[in-house]
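Participant: Given these sequences and hints, build the entire structure.
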Amino acid sequence: MKTFENHKIDKRIKEYSQLSISRRRFLKGTLAVGAMSQIVFLQSCVNEILPPNDILTKKQYQTVITVQNILFPKDKNGPGASDFNAHEYLIWVLSDNRLDPEDNQYIIDGIRWIEESAEEHYSKSFLKLSESKQEELILKVSKENWGESWLSVILNFIFEAMISDPLYGFNNDSIGWKWLDHQVGYPRPTKELLYDKIFKTVQKNS
Amino acid sequence: MKPEYDVCIIGSGAGAGPVAYTLAKAGFSVIVLEKGPWFKTEDFTKDEITAVRRSVYTPNLKDEPHVLETQNEDGKWIARSNYKTGQDFWNGNCVGGSSNFMSGYFHRMKPNDFRLLSTYGEIENANIVDWPISYKELEPYYTKVEEIVGVSGKVIKHKFQEERSTEDYPYPPLQENIISKWLDKSAQRLDYNLVPIPRAILSKPKEKRNACVYSNYCGSYGCSSDAKGSSRAALLNQAIETGNCKILPNSKVQFLKTNGNGKITEARYYDKDQTKKTVKAKIFVVAAQAIETSRLLLMSKNEEFPNGLSNNNGQVGKNLIFSAGGTGSGQFYFNGLSDEKVEELKKPGVFVNRSIHRWYEIVSNEFEGKVKGGTVDFLFEHANATSKAIRQKWDENGNLLFGTALKEKLKTHFTKQRRLKFEVFADWLPTDDCFVSLDPEIKDKWGDPVARIRLGYHEHDIKIGEYLATRAEELLQEMGAKNINSHISGGAPPNLVVGGCRFGDDPKKSVLNKNCQSHEVENLFITDGSFIPTGGSVTYTWTIYANSFRVAEKIVEKLS
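The listed protein sequences correspond, in order, to chains A and B.
If you count the first sequence from 1, position 128 lands on 109 in the working numbering, and the numbers rise without skipping.
So the mapping is simple: the working numbering equals the position in the second sequence, first residue as 1, plus 304.
These are computed hints drawn from the structure, not numbers from a lab.
Beta carbons: idealized from backbone N, C-alpha and C, even for Gly.
Hints may be right or wrong, so weigh each one.
Calculated cross-link-like contacts (lysine-lysine; reagent style DSS-like; alpha-carbon spacing at most 27 Å) [as the list claims (entries may be wrong)]:
no., chain 1, residue 1, chain 2, residue 2
1, B, K512, B, K329
2, B, K576, A, K178
3, A, K181, B, K344
4, A, K185, B, K786
5, A, K178, B, K692
6, B, K581, A, K185
7, A, K55, B, K576
8, B, K344, A, K185
9, B, K697, A, K159
10, B, K344, A, K114
11, B, K581, B, K344
12, B, K366, A, K178
13, A, K178, B, K344
14, A, K57, B, K697
15, A, K121, B, K713
16, A, K114, B, K692
17, A, K185, B, K550
18, B, K366, B, K329
19, A, K55, B, K697
20, A, K181, B, K580
21, B, K388, A, K124
22, A, K57, B, K650
23, B, K692, A, K159
24, B, K581, B, K550
25, A, K181, B, K697
26, A, K172, B, K581
Chain A is nowhere near these chain B residues, computed Cβ spacing over 10 Å in every case [as the list claims (entries may be wrong)]:
no., residue
27, I382
28, A491
29, N611
30, P744
Facilitator: Okay, here's the thing in structure tokens:
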């Protein structure tokens, strides 16, 4: 198999290195964004699925969950991002110290950029916008280089969550597999052979 | 002090396995130093996150990057660490190396590949040479690989069928998808002469190894039935059973010490606890895959070899080659097919296994005289679902798709069609712009300089690749495929890399002699793909295995 079209490792982020992932140009002429103490508007479904984590603030977490569900909504066609716990998956990724800390910071920075864009276009916090305005903003942002790159990375992690073995704890009841009629390969992993355990397991056995 | 071992092998992949196997069976003591961990068969699963989406079978690029040099639009070479760009050049750092993760598409090189210069002549700015051995000399070892590693397939007569000392493969062909028949029919109409692809995958059990179970996840994944002929499953396990071969995983060699008289006395390595250790042996075999083999030689500089081991003529790292070409595909939608046909087309696991060899040599008014062409292999889009989904997120104009539109596209791609791919293989001409050196600044986690790889290619490769891709597209058209496309580029496929320590008769222009023994260091042999001076237009693993079996016999002679 030729792998040049499929650089397998860390494709999650770096496949877009040719795109501009910097928001510097975008920021030019933008005033610093104000108060962090804004009252948070909670959508009911978002409220229900918020476990605590010490990586994102509540507001950041709510923002990225909302973005994930705009990118991958539950609709007539099938399940959405929250159905396979894409938000928890993202926290799992951000907690992985084998990944490049700069890449992880990029994901967190992007959440801030979304907030800044909302302020810039609508003079409102992203979470305070109506659903249709939120969607409109994401569409706008997706036309910018930085936005396309960042959203594209967020999508990659939604896909990973959707396809991940249910043993990881995100794709419960194989909901993503069932939706896509995905043909799973055997043997499936055991708990000891999941990504976060395999290094220890193999060192112990060799 | 007497050396502890007869042979010390650095690396454990396709170049190392045949040496360990042959020497251990002949009663010599062998130690194998492998940088990566030791995954056993039962450690391999079909978990896409572990196998494909993260660095588990390869090092973390933070710890062990490469520096890649590519040319910008002004022709200037720009060097960047791939820790920042993500283009990974590791292919499998563990016992058995990347042979664990190959797809096992096995082709022999053909007689003309051994005499490229005398058959097709010079090409400007390309360092084309004839090999110091002929196809005939390597043929018995290709056959040996068929038997020992295990190759399944079926020989059919065609214009470029290379000579064989046996009639057919020792293992019958693997099961095929219905699409192979569709390919055959369309190819007949176009007079293309499709060839079944031999695979390094057992279709019947062999000793302790099981036959293929058609898991649908082969390339990029370790094999759970041991049907795939990895160095680990097919050779190292047998070498260990003799009691003469010891494998040390997590042991990274960083220096080969010489005695001032052109002989290596010891290999220095870091063990799993990062402690510096040494191994003494009579003969040292380096098989760390092309890039790392050159790097180790360049790192082992001393007073005797101020430019690096075996590099007094400045040849180490030069003439690195990949496989030129690219990929293409067409789609078959289920709409309009009978339910029965859809079920057959969807059948997972069974293979396509068809290849075009008709243009191994091209005579066309697009080129002057006859030129060396190449091959095209057909295969299904890989079952990796995450990668498959990721490819769907762009619309036809290259804009990011999301929301309901993306979901509809995904659903269609996963449930209403199957994508047939092809891969084009042409010679990657050796040039002065493709080589390995040591990066002057960036170090790996042990503090050793990392390899810097200049990734230049020859424009001629693109022309050949495009010619072949057009032929493949014509076949897909004849089959009625939709959305046919191909992409040929000078991008280097990291998993198809050889060269850097050419073999040849002239010590000024090569690192190794015809037996893959260093011209300058009497007890150094190199048995991975580094020896290959010109590429051929097929995947390399079979040739690496065969040559390593050939050199192993020379090492036995030397020790006897």
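Participant: Against this structure, judge whether each hint is valid.
Facilitator: Checked hints:
1. B:K512 / B:K329: 17 Å, holds
2. B:K576 / A:K178: 18 Å, holds
3. A:K181 / B:K344: Judged against 27 Å, a Cα distance of about 14 Å means the pair holds.
4. A:K185 / B:K786: Violated: K185 of chain A and K786 of chain B sit about 50 Å apart, past 27 Å.
5. A:K178 / B:K692: Answer holds: K178 of chain A to K692 of chain B is near 26 Å, not above 27 Å.
6. B:K581 / A:K185: 21 Å, holds
7. A:K55 / B:K576: Violated. K55 of chain A to K576 of chain B sits at ~48 Å, over the 27 Å cutoff.
8. B:K344 / A:K185: Distance of about 12 Å is within 27 Å: holds.
9. B:K697 / A:K159: At roughly 20 Å apart (the allowed maximum being 27 Å), K159 of chain A and K697 of chain B satisfy the hint.
10. B:K344 / A:K114: At roughly 53 Å apart (the allowed maximum being 27 Å), K114 of chain A and K344 of chain B break the hint.
11. B:K581 / B:K344: Status holds; Cα separation ~25 Å.
12. B:K366 / A:K178: 20 Å, holds
13. A:K178 / B:K344: 15 Å, holds
14. A:K57 / B:K697: 19 Å, holds
15. A:K121 / B:K713: 21 Å, holds
16. A:K114 / B:K692: 31 Å, violated
17. A:K185 / B:K550: 18 Å, holds
18. B:K366 / B:K329: 40 Å, violated
19. A:K55 / B:K697: With a Cα-Cα distance of about 17 Å, the restraint between K55 of chain A and K697 of chain B holds, given a limit of 27 Å.
20. A:K181 / B:K580: Holds. K181 of chain A to K580 of chain B sits at ~22 Å (cutoff 27 Å).
21. B:K388 / A:K124: 24 Å, holds
22. A:K57 / B:K650: Between K57 of chain A and K650 of chain B the Cα gap is close to 25 Å, so the pair holds against 27 Å.
23. B:K692 / A:K159: Between K692 of chain B and K159 of chain A the Cα gap is close to 16 Å, so the pair holds against 27 Å.
24. B:K581 / B:K550: 16 Å, holds
25. A:K181 / B:K697: Violated. K181 of chain A to K697 of chain B sits at ~35 Å, over the 27 Å cutoff.
26. A:K172 / B:K581: 35 Å, violated
27. I382: Fine: 13 Å to the nearest Cβ keeps I382 of chain B off the interface.
28. A491: 21 Å, holds
29. N611: 31 Å, holds
30. P744: Holds, because the least Cβ-Cβ distance between P744 of chain B and chain A comes to about 23 Å, which exceeds 10 Å.
Hint check: violations occur at hints 4, 7, 10, 16, 18, 25 and 26; the rest are consistent with the structure.
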